[in-house]
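Participant: Residue strings, one per chain:
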Amino acid sequence: MVQAYILIQTEVGKAAAVAEAISKLEGVAQAEDVTGPYDVIVRAEAKSVDELGKLVVARIQGVDGITRTLTCPVVHL
Amino acid sequence: MPRRPPLGLLLPLVLLAGCTGTASTAGDAVSVPAVNGLSAQTLLSCADLKGQLPKDLAAGVTRRPTVPDSTTTTAYGSDPAIAVRCGVKQGSAADEPYEFDDVRWAMHDTGAARRWTTRGLKVNLEVTVPDHFDAQAELLGAMAKAITSALQR
Chain A
5 MVQAYILIQT
15 EVGKAAAVAE
25 AISKLEGVAQ
35 AEDVTGPYDV
45 IVRAEAKSVD
55 ELGKLVVARI
65 QGVDGITRTL
75 TCPVVHL
Chain B
4 MPRRPPLGLL
14 LPLVLLAGCT
24 GTASTAGDAV
34 SVPAVNGLSA
44 QTLLSCADLK
54 GQLPKDLAAG
64 VTRRPTVPDS
74 TTTTAYGSDP
84 AIAVRCGVKQ
94 GSAADEPYEF
104 DDVRWAMHDT
114 GAARRWTTRG
124 LKVNLEVTVP
134 DHFDAQAELL
144 GAMAKAITSA
154 LQR
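Chains as they are written, first to last, in our numbering: chain A, 5 to 81; chain B, 4 to 156.
FYI, nobody ran anything at the bench for these hints, they're computed from the structure.
Backbone N, C-alpha and C fix where the C-beta goes; we use that ideal spot for every residue, glycine too.
A few of these clues could be false.
Across the chosen pairs, the derived CB separations fall in these ranges [claimed, not checked]:
1) A:E24 / B:D72: 25 to 33 Å
2) A:D68 / B:D59: 16 to 24 Å
3) B:P71 / A:H80: 41 to 49 Å
4) A:V79 / B:S81: 24 to 32 Å
Please model the entire structure based on the sequences and the hints provided.
Facilitator: See below:
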């Protein structure tokens with residue numbers, strides 16, 4: 005299983021709605037709206053990196069109100 | 004010093020035939036070779052880029068699906084289409100250097116297209132633009148915001 009944190013910037017005033025919409029997607033373990041340089045932080049997981057990439061592209065980035073994503077895979081050094 | 008191609012290079016160059024394209028089509032989808040063997044970080048940076056690339060690079064130069072369906076590829080415009088591949092090696096220093104909107108490119112003329120490859124980014128991008136597209140600098144410039152946002156870290 006591959007996990008990643010996805011840092012998301014949203015359009016003004018849409019953070020809560022984006023977090024709510026993303027939290028319902030398959031593969032998303034947690035989605036919270038936060039303060040700071042990013043508006044929503046998501047923890048996602050998938051069976052493979054390819055699948056995780058497709059989750060980011062096909063589902064998360066399809067949510068209305070997202071302007072930018074920055075995906076950080078979890079590594080266990 | 005940033006350079007832009009001479010205007011003459013950017014004017015439409017209508018080829019004798021469309022059979023020398025760099026990206027073939029399967030239905031509406033464009034066949035673009037995926038970039039394989041990438042690290043998790045590179046692949047996911049490509050995923051971030053793919054979501055941020057614009058829907059249109061210019062009037063009528065609209066995004067199209069690719070086959071195989073890959074996080075590393077995108078296509079734009081009419082046939083032969085513009086092929087975008089993420090996660091490639093950076094452009095060669097031997098190719099012509101350009102800079103558009105703070106993104107450095109190396110340009111290689113393949114004869115039927117210009118292959119533009121970024122230089123100096125954490126993750127690099129290759130954009131093959133067939134010669135029937137004019138204003139290539141503007142097409143690349145339309146991607147600059149997404150490139151610097153997703154790949155320059």
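Participant: Hint by hint, say whether it matches the structure.
Facilitator: Hint check:
| no. | hint | verdict |
| --- | --- | --- |
| 1 | A:E24 / B:D72: 25 to 33 Å | holds (28 Å) |
| 2 | A:D68 / B:D59: 16 to 24 Å | holds (19 Å) |
| 3 | B:P71 / A:H80: 41 to 49 Å | violated (30 Å) |
| 4 | A:V79 / B:S81: 24 to 32 Å | violated (42 Å) |
Comparing the model with each numbered hint stated earlier shows that hints 3 and 4 do not hold.
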